[in-house]
Every structure is written in structure tokens, then in C-alpha cells.
Amino acid sequence: MSWQNAGEFGLLLAGGTSSSMDDVSWDIEGDLQFLFATDVELQTDLATVCDLLGKAETDSSESSTTVKRKRKPSMAPTGARNPHQSRQRQELETLQRQVEELKAKLEVVKLQAAFKREMTPAEALARLRQTDATMALKENKRLREALDAQNSFIGKLRACLRKKPRHELLTQDDWRVFKLAAQKSLREAAVFAIADRQLRRKDSAFINAGLLDCTDPKYHSRTIKTRNEHAVTLEVVMNFELAAPRDVISAAVWDVFSCDSPPGMSPHSTVIQERFDQYTLYEQFTEVASGVTTHSNLVRKFYCDDGLEHVILWRSVLDDALVPEMADGTVEDECGWIVITPVDTKSCRLTLLLHAVFDPTTLPPQVLKQVDNLTVEAITAAIDKLNVVEVPRINDGKYPCPTKSQPSPDVLMGYAPFIQRGNEFEVALHVAVNAAIHKFQAESGLLPDCAVEGVDKT
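Each step along the sequence shown adds one to the number in UniProt numbering, with nothing skipped, and position 343 is 343.
No incorrect hints appear here.
Derived DSSO-like pairs (lysine-lysine); straight-line CA-CA distance at most 30 Å: (1) Lys138 with Lys156; (2) Lys105 with Lys138; (3) Lys225 with Lys385; (4) Lys141 with Lys156; (5) Lys110 with Lys141; (6) Lys385 with Lys398; (7) Lys346 with Lys398.
Note that these hints are calculated values from the structure, not bench results.
Produce the entire structure from the sequences given, and follow the hints as far as they go.
So, in C-alpha cells, the structure goes:
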């Protein structure tokens with residue numbers, strides 16, 4: 001900036017006017033720049049001075065300790081041993097804060113000055129976007145600095161905790177890989193952590209399946225790709241309306257998922273349930289089929305207190321310290337969500353999404369010996385032949401009829417108990433939901449008199 005412009009800027013600050021500037025707008029952005037050093041120069045200079053002061057304090061402390069070793073070390077902070085240097089450091093820190101505040105004010109003034117002149121809508125929009133981007137970068141920088149500070153604190157705290165004796169803890173990775181400890185308190189904490197994480201994953205899973213905010217009827221199954229190249233994942237999707245309120249349907253569904261005698265029981269099966277509260281349970285289902293023990297250990301939870309939708313979810317536990325024999329059997333790997341959303345006071349929408357993983361590398365040796373050509377391609381072809389979902393002919397406000405049970409292909413012999421139990425679960429849902437719909441309509445006077453006499457559960 002020229003000295004002439006600097007003089008004119010001084011006259012403006014003093015309140016004077018100049019006839020030569022009456023018709024010339026003041027470029028405030030250009031004139032104010034000389035007041036501030038560049039960010040690099042300023043920060044470098046201040047950092048250098050702070051480092052020198054810190055080094056001087058450290059050297060002074062070390063020399064004092066060396067010369068007078070018999071003197072007890074002072075309990076005062078390092079900066080308090082030299083009041084002059086401490087005051088200088090505080091003044092420099094104050095100057096740094098003032099510089100940041102002035103830079104922020106300058107940005108505001110520059111923005112106001114820019115919007116005072118006439119601009120096309122495109123220019124105004126570009127200015128706004130540029131301002132938003134600048135603010136976003138500043139916020140990102142602030143968050144990164146805060147994150148670095150938190151990480152530093154976490155590291156120090158972790159180092160401190162390592163110096164103390166600890167009891168056996170459930171590590172963070174245990175529940176993340178769906179593993180439960182033997183201790184009761186740790187099992188309960190892991191069950192709730194697994195359920196809460198499945199709830200957080202719901203929206204992303206629904207987006208990938210095309211179910212988020214979907215109002216169109218959907219009935220299909222398919223195989224999808226995952227990160228595990230040795231496994232095949234079956235995805236089942238159902239989305240339809242039911243002629244009963246949300247609370248009626250969600251209660252009927254949860255009754256099926258939480259009953260003491262779940263679907264799929266046989267003379268060769270056993271079930272153990274751990275109930276943590278009214279809406280949370282962990283079920284260990286074991287069945288012996290063809291000389292092989294199968295394990296279906298599921299965390300189930302009902303979320304009914306958040307927003308409009310009710311969510312019932314389930315997730316398989318892959319390793320349980322109380323069931324060491326899981327390592328020698330076939331373990332189910334499945335997760336799913338059922339979301340019930342109100343449509344009006346007399347109807348709701350039920351959305352079901354299920355993911356079942358078929359990983360031949362986890363099968364026990366006795367199963368692998370009985371099945372030939374157990375490859376990903378063969379498993380995919382066998383799953384595609386399964387009639388998992390059947391599109392109903394009409395949408396009559398009831399739960400659609402389940403598909404007819406069929407023998408599992410030889411390639412899926414190791415998973416046959418899980419497939420059969422899934423079919424029986426679908427039948428139980430069909431019966432329970434339609435019975436609840438019939439009861440609601442009968443009590444509300446929505447059925448003809450001839451239909452009220454008996455409840456048709458089919």
C-alpha cells in the first residue's frame with residue numbers, strides 16, 4: 001500500500017473527508033491488510049519466542065538443580081519460578097488470542113463490505129459459498145486441535161491406568177466381534193452394546209437395501225457382496241402395510257421373538273434365555289442334526305420409546321465364554337431389523353430386513369467332509385434357488401402367507417437347521433400378526449358379525 005493511500009486511510013479514521021475520494025469506494029479489504037502480518041510470519045515469530053522462553057525456563061530449572069543439589073525441589077509450577085518470564089509468556093498468549101479475534105473481525109468486515117456493492121445473484125451465491133467454506137475449514141481446524149488434545153489426554157490416562165492392577169475386563173474388541181464373557185455384569189454390558197450398535201447400523205442398512213422412507217410394497221431376496229470374499233450373504237426384504245395400529249403389531253411381533261418356547265423347537269433342541277429387562281434378552285438355541293451341533297445364539301431387543309417407529313432387532317453372538325462347545329459346531333451368523341411405523345390410527349407399515357451369512361470356512365470338519373464343491377459360487381447358486389419370499393397376490397392388510405418349506409440343497413446341508421428354523425419363525429409371525437389384526441378389527445367393529453365369532457389365525 002502506498003504512503004498516499006495510508007494517509008487517506010488515516011484521514012478516514014479521523015473522520016475527515018477528501019474531495020478526491022467522494023466518488024471512489026473504499027477498498028477496505030486492500031487497505032486493512034497492512035495492519036496484520038501474514039499468518040505464517042506471525043505464528044512462526046510467536047512460536048519461536050514461546051519456545052525460547054520455555055527453553056530458558058527449563059535451562060534455568062536444570063542449572064539451579066545442578067548447582068544446589070541438596071535443596072529440595074520447589075513444588076511451584078515451572079513458570080512460577082521466574083515471574084518475569086511467566087508474565088511474558090502470558091502476554092504472548094494474550095496477543096495470540098487478540099490476533100485471532102482481530103482476524104475474525106476482519107473477515108466479518110470484509111464480508112460486510114463485499115455485500116454493500118451491487119452483485120449479481122450468482123456472485124452473491126459464490127460469496128456465501130466461499131464464506132461457508134472458510135468457516136468450515138476453521139471449524140475443522142478447531143475440531144482437529146480439540147481431537148489432538150483429547151487423544152493426548154487419553155494416551156496419558158491410558159499410561160496411568162496401565163501402572164495399576166486391573167481385574168479381568170471385557171476388551172473393546174470382544175463385543176465388537178460379537179463375543180460374550182462369562183461374568184454376568186460383562187455379559188449384560190456386551191448384550192446392550194451389541195444391540196445399540198445394531199440400532200445405529202439400521203439406517204445405513206436400510207439405505208443400501210432401498211428401504212429408507214420407502215412406501216412401496218417390496219418382497220424379494222438376493223445375495224449381496226460383503227468384505228468377506230469367502231462368504232455369501234442372503235438379504236431378505238419385505239415392506240407392506242397392515243390393517244392395525246403400530247402398537248398392536250409391534251406387541252404381537254415381540255411376543256414371537258421373546259416367548260419362552262420360541263419357534264423351531266424339536267426333541268433334539270434346547271434353549272436357554274437370559275432376560276435383562278422387559279425388552280432385552282439373549283437366547284442360546286442348540287440343536288443336534290446329522291451328528292453335528294448347531295448353535296443359534298441371538299441378542300434380541302425391542303426399542304419402543306424413541307420417535308414414531310418401533311424397532312425390533314436381533315444379532316447373532318459368534319463366541320460365548322459359557323458355551324465353549326461352539327468352537328466345534330456350526331454357528332449361525334445372522335442379523336435383522338423389523339421396523340413398525342404408523343400410517344394412521346388404524347394401520348401401520350412393517351419393514352423387515354434380514355442378513356444371513358453363509359461362510360464355509362467356519363463349518364466344522366465333519367460337515368466339510370460330507371459336502372463336495374463347497375465354494376462361494378456353489379453356495380450362491382443354491383441360495384438363489386431357495387424360495388425365501390413369495391409376492392402376495394393382493395395386499396389385504398394382513399401378513400403375507402409364508403413360503404412353503406422345502407428341503408435344503410446338499411451344498412447348504414450344514415445350514416439346514418437354521419433355514420428350517422427361519423421358515424418356522426416366519427410361520428409364527430404370520431399367525432401372531434394376523435391374529436392381532438383380527439382381534440383389533442373385531443374389537444373396533446371393523447369386521448362383519450359372522451367374522452367376529454371366531455379368530456381366523458391363518
